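> Chain by chain, the residues run as shown.
There are 6 protein chains.
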Amino acid sequence: MPSLKPATRDQLMKVSTATLCTALFKRGLSHQFIQDVRPLNPNLPNMVGEAFTLRYMPAREDLNTIEVFKNREHPQRKAVEECPPGAVFVIDSRKDARAASAGGILVSRLMKRGVAGIVSDGGFRDSPDMAKMAFPVYHQRPAAPTNLTVHQAIDINVPIGCGDAPVFPGDVVVGDGEGVVVIPAHLADEVAAEAVEMTAFEDFVQEKVMEGRSILGLYPPTDEQSRIDFAAWRQASGR
Amino acid sequence: MPSLKPATRDQLMKVSTATLCTALFKRGLSHQFIQDVRPLNPNLPNMVGEAFTLRYMPAREDLNTIEVFKNREHPQRKAVEECPPGAVFVIDSRKDARAASAGGILVSRLMKRGVAGIVSDGGFRDSPDMAKMAFPVYHQRPAAPTNLTVHQAIDINVPIGCGDAPVFPGDVVVGDGEGVVVIPAHLADEVAAEAVEMTAFEDFVQEKVMEGRSILGLYPPTDEQSRIDFAAWRQASGR
Amino acid sequence: MPSLKPATRDQLMKVSTATLCTALFKRGLSHQFIQDVRPLNPNLPNMVGEAFTLRYMPAREDLNTIEVFKNREHPQRKAVEECPPGAVFVIDSRKDARAASAGGILVSRLMKRGVAGIVSDGGFRDSPDMAKMAFPVYHQRPAAPTNLTVHQAIDINVPIGCGDAPVFPGDVVVGDGEGVVVIPAHLADEVAAEAVEMTAFEDFVQEKVMEGRSILGLYPPTDEQSRIDFAAWRQASGR
Amino acid sequence: MPSLKPATRDQLMKVSTATLCTALFKRGLSHQFIQDVRPLNPNLPNMVGEAFTLRYMPAREDLNTIEVFKNREHPQRKAVEECPPGAVFVIDSRKDARAASAGGILVSRLMKRGVAGIVSDGGFRDSPDMAKMAFPVYHQRPAAPTNLTVHQAIDINVPIGCGDAPVFPGDVVVGDGEGVVVIPAHLADEVAAEAVEMTAFEDFVQEKVMEGRSILGLYPPTDEQSRIDFAAWRQASGR
Amino acid sequence: MPSLKPATRDQLMKVSTATLCTALFKRGLSHQFIQDVRPLNPNLPNMVGEAFTLRYMPAREDLNTIEVFKNREHPQRKAVEECPPGAVFVIDSRKDARAASAGGILVSRLMKRGVAGIVSDGGFRDSPDMAKMAFPVYHQRPAAPTNLTVHQAIDINVPIGCGDAPVFPGDVVVGDGEGVVVIPAHLADEVAAEAVEMTAFEDFVQEKVMEGRSILGLYPPTDEQSRIDFAAWRQASGR
Amino acid sequence: MPSLKPATRDQLMKVSTATLCTALFKRGLSHQFIQDVRPLNPNLPNMVGEAFTLRYMPAREDLNTIEVFKNREHPQRKAVEECPPGAVFVIDSRKDARAASAGGILVSRLMKRGVAGIVSDGGFRDSPDMAKMAFPVYHQRPAAPTNLTVHQAIDINVPIGCGDAPVFPGDVVVGDGEGVVVIPAHLADEVAAEAVEMTAFEDFVQEKVMEGRSILGLYPPTDEQSRIDFAAWRQASGR
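Protein chains in written order, with this note's numbering: chain A, 1 to 239; chain B, 1 to 239; chain C, 1 to 239; chain D, 1 to 239; chain E, 1 to 239; chain F, 1 to 239.
With a straight-line Cα cutoff of 30 angstroms, these simulated DSSO-like cross-link-like pairs (lysine-lysine) come out:
| # | chain 1 | residue 1 | chain 2 | residue 2 |
| --- | --- | --- | --- | --- |
| 1 | B | 95 | C | 95 |
| 2 | F | 26 | D | 78 |
| 3 | C | 112 | B | 14 |
| 4 | C | 14 | C | 132 |
| 5 | F | 14 | D | 112 |
| 6 | A | 132 | A | 78 |
| 7 | A | 95 | D | 95 |
| 8 | C | 95 | B | 26 |
| 9 | B | 70 | A | 14 |
| 10 | A | 95 | E | 95 |
| 11 | D | 26 | C | 95 |
| 12 | A | 112 | A | 70 |
| 13 | B | 70 | B | 132 |
| 14 | D | 132 | F | 26 |
| 15 | C | 26 | A | 70 |
If you want the ones that stay clear, here's a sample from chain F, every Cβ over 10 angstroms from chain E, calculated:
| # | residue |
| --- | --- |
| 16 | 63 |
| 17 | 169 |
| 18 | 177 |
| 19 | 214 |
| 20 | 222 |
Simulated from the structure, these hints should not be mistaken for laboratory data. Just so it is clear, the structure is predicted and the values come from calculations on it, not from any experiment. Glycine included, every Cβ here is placed at the ideal spot set by N, Cα and C.
Just chain A, same shape as in the assembly:
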């Protein structure tokens, strides 16, 4: 698995999940957006990192008493201590937000350990605190009940589903104010590079639209003049 290059990470910090989804769609990948998750704090820079995953299964009551967390090998706690700095911690909560995927203390620990962010297709508890942290947290909706009520952590860093998207360990995960997209590891460099180009063009189009130009012939640039104008704009704006 190729590891995420610093230059690629930098590029991904500056593009949107919407643009990335289009670049993936051009490559035949339609299901890489994690459905129905939102940022607790929408005012942060992009979240970018390789996926480190945790898989939950439905909790069986006898195996999920409050005592289980005394076990240092409990997969949830172990995963929090093992997730590499710079990675994004992605949890398969089976889209079930009736109980928490994790809470404020574990998320704080991840932040302190240099992890890039956390995503669950379920819900987090202590969400009001998390909303004030400078750490990207994405979930479906708040969930105060303790994790054990509904979930049992069972596997660390295996391929999972999250919000109907496939997530393989090492895939590059990008989050912005809109949501989270999963880029297959082998495509990260080329998708990032293309997204930077696309973003330049979209910024140009946005500027022209705000000046009053029609989208016909401009977006996409089927008019020759649009392409000429864009070339000039790039030169002028240094992009």
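Guided by the hints, dock chains B, C, D, E and F onto chain A, whose structure is given.
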């Protein structure tokens, strides 16, 4: 189809969707509120305009490659350029927010063209940007994947469903911080006028409630005294 | 039914619904969190009070014309005037947010009467106004259509379901920025006391985690040193 | 409350829920069909009787141990023994089929007691046995877990919702192979009579359609000839 | 639009929707199966025909009184009389089965007119009668309430969605005991031919599996011997 | 992990999933019933066996072309060949029935290999054929699209969720006409034995109820006489 009178528009700028729903309910219309949509920017004045509609159907993959937008006659792009200034652009996305109904550039173009606002029962992409625009945008939830992933634009300005509400072209669409209501065109004037009256009474009641009065006999004003007090209040407040 | 003690109320003002859910889970109660409701104004102190309930059933059209509110004995209006000061008004709306559980005037009346807050597993109308009030209101999503469209108030202060949680009159209801939890009346004192203790420990852990300590051995405190440190912290911090 | 007349019951044995829904729709009642329930045994005569209701709320674990059924006053067991012969037992299970509304023994007891049938918007256990009984049982889907897992019986013979339909004790409940409809008590006689008339006309139309006639002018009979033919058909067929 | 050839129709009578879905998947078409519909009578031959469509929108109460069917131009009634013999009548009911898409009389008329079958992603009324007809009817679940309660017929023979599948007039619709698949018109011949070939191979494999052979190397036939055996089987069985 | 004893298997062949759910409920296990699956052929003896599991994740398009099945190591095909005779093959399809969990050929192979049955919380294709097989198959609803459309097989014999129930390899899975229950391996013997006892009592009660006895004092047997009668019944019936 009667066109929306400026006076009616002015009245509708000052009343709530809740009040309008009650006025419609009195006329036997119970399903005119677009279910499960919310404003991206909740701090704007009301959105008021006649409905201009776009209908989406499920995308068939071979008909929805990224190339289709090169066609100037593509209904989505065509509709954006044809929607009359002052109208509200309403999209039937079949309540499916897995992919975007539209994105920031098209919505900016609508804004520049003088359109009054946009509503989809699916989701928009580039939603963080839209949330900062002084343009009313209502949807279910953010959706970064490109439109073509799930939707194919198929019909312009036909009767549609949006969030389980029936929407006919020319119906008067009103949005506030709560959501969006659809007023049948032929009722717009009388419903607007009645809503203004109802709002005066509700403001009076709210004032009295905040002064500590019971709602019994006041709301509705089954006590003669309530009606006397309201008459006095109207005179005093010039409403 | 034991009534809520002022000291217990004070304790419950200072703990989170997440902590309370864990204290209840330890006692075998897993379904006390009201699912899928959120505060309209997330910046208020906790909502604490005994449950006073209102039950809605599906509206039958002939029994729910706009005229019914002229009846002073209508259960919705009666309940608003009878809910005791300090109580939390909890509505069983069958998780149906297609029409309003109540609106701004009734909620204002509850606030003026000294009620502690209001919860519905449906939706409220006039929600933008409520979001500005210093009064805790929790619901699923905004709903402009009048109550009568979908709901008929039928019973006051009976046991109900709200967001899949069982609610008995007199249960102690606590809301924070995350959501709402229902504490069985007979457990309120002990759960409140335990939650205060748990909160002290969680605050200690959070502080240590922010200083860089691992969660292993600390949370839960399986290391002897963690317990020693906590004892010292309590002494130092006066908690 | 008028009680169900034998002649009305006889009429309702011979008409369909579809026809009854139309008769109710003409009277402004649109929500009387219990949504998403089906007969376990679709080969029985119609189920007709006055509603006797049981209300469930979400189960709180400490109040719903297996021991509770030792209490002869437990509302579920009490209701089974008190439901009048000829009545239809209708359960508000909050559309939750994760645990049983009741099982084979209770349903057998109802059958033996002369009850007309049973309906739940949740699920029954022992459903394969019930499917062989000559007793009408309607539910959403089979549910093997014991009632107490999810439900607590709380009220006998109060107004309830069942499958989004309002059900008042004494309403006349009719089930056929399609589903279940609830006729407000005061309308039972007139709706039954009208449905008998409508059924005669529908049978006539069906016969004509099977002979090859177009529905235009026939259904509804806007052609004078259709009305003449129907009059002749009634005379000939003695209906 | 190419019309359905008799030979193609014959081929499609003998293959399954499962096989057709795979043939479409190989061509990049993944969403052609109409989700969540089932046959009322599962014991009929395949349904095969070109799609003739009817689009429903949400009903507005004032436009959908029982009187509207007196209008011979009402789209629902008109469509029933205009649907070509041999076609499949496909209704876009927005997956809403709370009221009927149509009932027994209209469906009987379609049958008499030589239509090949009917599909709705909502529900039909008079479903027990339809279940006995030798006419293919597919829907989500029974729905006794009259059409007008929830639906308004608005467009005849336009592109629609049905059960999340795109349906264009003239597409070839095939139903079996499992469900319904939509074949784009231009692919009908090649997909039918390929499905016949695939069916021969699947029948061979099924026979071998029932004789005890492993699927490895057989399905798909990566072992040379499997291909040899299949060739021999074809010769022997005359397929 | 204890393996399933023949005597236990025999006992489990004769008891219902409803009875087993109650025995598990008494031990604090409430979530062992697989929600929302049904037998394709409801007329078979019980399905009993140890769980052998297969986990699906959401399909990524580039990894799930039709070519992948040529790989003999593909987990779906491998699992079919490796599942032990006598085991129940349980698939975690994430409750997604938009595409098939498997089809007729693979299921036939399992049957021929002596597997006890198959369960998916998604859907199977070729379901009409399966419904005629003397092999227990449980799913949510038919799904003609090929597996690869939505699912990617990723793990063999790991702990999974199926219909919201936790399933560990080796758990004892029992299916009847109602659905499927999962018994933790270490409880299988005692739960089976208790269920046999409970079944005897339930059969006795059912007989008495059919003779006209009240359930009060009988079910549960709080009357001394009920216990005496049951003892006599056991003796008489040899159970």
